[in-house]
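Protein sequences appear in the order of chains A and B. In terms of our numbering, the first sequence opens at residue 1 and continues consecutively. In terms of our numbering, the second sequence opens at residue 1 and continues consecutively.
Be careful, since some hints might not be right.
[What the hints assert, rightly or not] Covered stretches of chain B (in silico footprint by chain A; criterion: 3 or more residues with CB under 8 Å from a CB of chain A, positions within the stretch not fixed):
1. 3-16
2. 87-100
3. 511-519
[What the hints assert, rightly or not] Far from chain A, some chain B residues (derived; all Cβ distances over 12 Å):
4. Ile46
5. Tyr138
6. Arg142
7. Glu148
8. Val189
9. Ala349
10. Ala497
11. Asn500
To be clear, the hints were calculated from the coordinates, so they are not data collected in a lab. Just so it is clear, CB atoms sit at the ideal spot from N, CA and C, and this is done for glycine as well.
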Amino acid sequence: MTGALPLPEAGTDCAPVLRERGQREVFCGLTGIVWLHRKMQDAFFLVVGSRTCAHLLQSAAGVMIFAEPRFATAIIEERDLAGMADCHEELDRVVDRLLERRPEIATLFLVGSCPSEVIKLDLAKAAERLGAKHAGSTRILNYSGSGIETTFTEGEDACLASLVPAMPVEPADAAPSLLLVGSLPDIVEDQFLRLFAQLGIESVGCLPARAAADLPAVGPNTRVLLAQPFLGETLRALQDRGATHCCAPFPFGAEGTTAWLKAAADAFGVDEMHFNRTVAPGRERAKRALEHQRERLAGKRISFLPDSQLEVPLARFLAAECGMAPVEVGTPYLHRAILADELPQLPANTRLSEGQDVDRQLDRVRADRPDLTVCGLGLANPLEAEGLSTKWAIELVFSPIHGFDQAGDLAELFARPLRRRDVLEV
Amino acid sequence: MQLAVWTYEGPPHVGAMRVATAMEGVHYLLHAPQGDTYADLLFTMIERRNKRPPVTYTTFQARDLGKDTAQLFQDAARDALERFRPQAMLVGASCTAELIQDDPAGLAENMQLPCPVVPLELPSYQRKENWGAAETFYQMVRHLADTEVEPRRGDVALVNILGPTALGFRHRDDVREIRALLDTLGIEVNLVAPLGASPADIARIGAADFNIVLYPETGEEAARWLERTFGQPAIRTVPIGVGATRQFIHEVAELAGVDPQPALDDDTSRMPWWSRSVDSTYLTGKRVFIFGDATHAVAAARVASEELGFEVCGLGCYNREFAREVRAAAKVYGFEPLITDDHLAVEEAIAAAQPELVLGTQMERHIAKRLGLPCAVISSPVHVQDFPARHSPQMGFEGANVIFDTWVHPLVMGLEEHLLTMFREDFEFADEAGASHLHAHAPQHRAPVVSSEVETGEDAPGRGLSTTLETNGDAGLWTDEAERELKKIPFFVRGKARRNTELFAANEGRARIDLDTLYDAKAHYAR
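Full structure from sequences and hints, please.
This is the structure in structure tokens:
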């Protein structure tokens, strides 16, 4: 089941990729709800699943559960499975009760899980039926966040892809518009929007929008700029509606952010001089902020275990801008087209792996003994106990890390465990 | 379908993980989809274990369905066996695998693995975490106990301690307390299980003269089987609180045929004196609402009423399997217990009971915070802070010391209570300031004196307890004058005063509550 296959498009990047399957120590796509519901303030996420799904969400969401969260689980029970209760009627009952209690919900996502997929509960049909019933007040969409189909951040991809058909049609004669795709913390999104405005790119939409009700329009004049690397399905759905992809590295660090902005600037014919003048202050600030961390990080070896698909861009940033040496970069899924500008920038001897057999991968980590291992919380403390410093990966999805003004914070996330290791005397 | 945000318990396979992780030399092969590994972090993060739980997940994905999930299971079994070389394997399915019907037990049996395999049938759509743990432990014992072994019946009694698991609320420290207590009595421990036991230890479980069931939720099922199979009696008194601990010592000493006195004489038991000291007088009759797993809730109710002099005003549990025990206990206090796993129902019950202290789980901590009530944690589920580094048992005499400190700490201190009453017009002691040592209510500096007319504004934000509880009442019932008078009563007893007055008015058939009704009620309830 394990083997190193050469990359199909040799020349763009020629590193062999280790493809493994076996036990995968990763989250399922339901976890995406934890940050998506913070971003889309008028949306509610109803998982149709088991007690396990509810337990996962509460474990992942921690104390957030008590702030009147905009997510919940419709737990499938014995009688739903035994056919004593019609699942669709039951679901209708739960949705009606929910919308009665929370009339402010403008968009309701019915989120599929492993159990609902395996019993082939047709949530698309349910969304259509309930959508017609609640038309005018609540839009009802569906996507799958099940573990059998999605890994961690792919839940966001599936969610955003489900929004694409609901986006308005851009008029055929519309001026070119930019669509920024991927949920970012508000502060980061605002920084980017200011920069685009300064560059003279006037029409900029965001997917997701802060209110799911205000979806931006899409059409052949739309240029898509991905802010996150895990958005393959969403990109394809947007391309199906005529939008074009601006391929770019991801906006991590001074150089990553510059190149990412440049891809948009080029697509909109922004004057080179104007571009340089506009980005120079931010870029300089980012470089200054990185100087502080570079000292601690340079020369350190780092391994990534697969988690979020952010691994390749982050390894590139840490290598190119912080002087780190990536040993193994594992990703749950390697999307070549989206990473086309990232992969060639990885140091030549980087071991790329896609998928996971966790025990074998841990054997490699133990053999490599990197200075820092990026991994999930199920592995972090056990590795620390073996004397290996770790950086837990989920923080990279929850913290503001994109753009010039977060470059220093991003490097700091990796420097902190190393500093802590040096500080502790016990 | 049941709409849920919070669940008090996880699915049953998490219970099985709690048993597997507690033990040594066991590996659990769980047929489960990608993503179910999230449960690992309960052990590595909340309990801060330094090893991965001994669980291999088959992590099947959509593309595997319908063809090779069974093959995947068998490959994973072989790999896990080779890598971990366990003394025994547990095999079972999580909720999704239960639906695809691969039959882990049959698959494992066909493989003829070179170690004992314990198959688990955990109905995920009916049962929950505690049941899963109890069933798993029972199956382990049933499959691995050597039935040729006989109770030792030596000069020194030999006992098993049953029930402690991984991710158990204070299980680590409770075991230490109980072991020390048995030591004092000169009783030997055959094994503690599942926590720290290996399959080889379980094989010798029959050698003990009797069993101690520390946590019925996880240990009772196995204890009953051991009773039948080896004729081992079981001690079922849960030694939480001084009274229960004394009772436990008597029962254990009697079964072991030893003198209970050395253990009873334990002078580390400070709780009885602390509770009798005049500083604690103000605790008398404080209304307390108790919710948790059945064992901890019932034990807490006894401690609250007999050892701290509280009045139990609500009692309930989330695990239906033990509802009978809670019903029996609630009878003593003269009300119907709350048996529910719906945290919204618990929140309603707490708001209605208007307690002065809430004892519960992590959920009740959040509910109490929202209602502005003091709270202490007595039961799972709990967050990371309730797996403390320091020794903090709930059981035995040291456990009683811990309980005294933990429960009294969130209450407004006695002297402070008097100051609040005497100087309530001073701004430091205004309602909004709250109790000074409770960081949940940082004192806010406000304009000092507020006339009573202005004070009646019900919409003042951030008033915690007073706002929440007062809006529960029927606004039309109270005259303005009586309402204003009520506000002169310190906020931490105001809820009780309002409730008593309304009850009194209802009993007397009075349609309005005026000043006279208020003071008639006060006289009626005067102690």
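Hints, verified against the model:
1. With 10 residues bearing a CB less than 8 Å from a CB of chain A, the stretch 3-16 of chain B meets the requirement of three and the coverage assertion stands.
2. As drawn, the stretch 87-100 of chain B meets chain A at 5 residues by the rule of a beta-carbon pair under 8 Å; at three or more, the given contact holds.
3. Evaluation of the coverage hint for the stretch 511-519 of chain B: breached, as 0 residues show C-beta separations to chain A shorter than 8 Å, against a requirement of three.
4. Taking the minimum C-beta to C-beta distance to chain A, about 9 Å, the non-interface status of Ile46/B is violated against the 12 Å cut.
5. No beta-carbon of chain A comes within 12 Å of the beta-carbon of Tyr138/B; the shortest separation is about 21 Å.
6. Against chain A, the non-interface label of Arg142/B holds: every CB pair exceeds 12 Å, the least being about 25 Å.
7. Once the 12 Å rule is applied to beta carbons, Glu148/B is consistent with being away from chain A; the minimum gap is 37 Å.
8. The Cβ of Val189/B sits about 28 Å from the closest Cβ of chain A, beyond the 12 Å cut-off, so the non-interface label holds.
9. Listed as a non-interface residue, Ala349/B keeps its Cβ farther than 12 Å from every Cβ of chain A; the least gap is roughly 17 Å.
10. The non-interface label for Ala497/B is consistent with chain A: the shortest C-beta to C-beta separation is roughly 29 Å, beyond 12 Å.
11. The claim that Asn500/B is not at the interface with chain A holds, since no C-beta of that chain comes within 12 Å of its own (minimum 30 Å).
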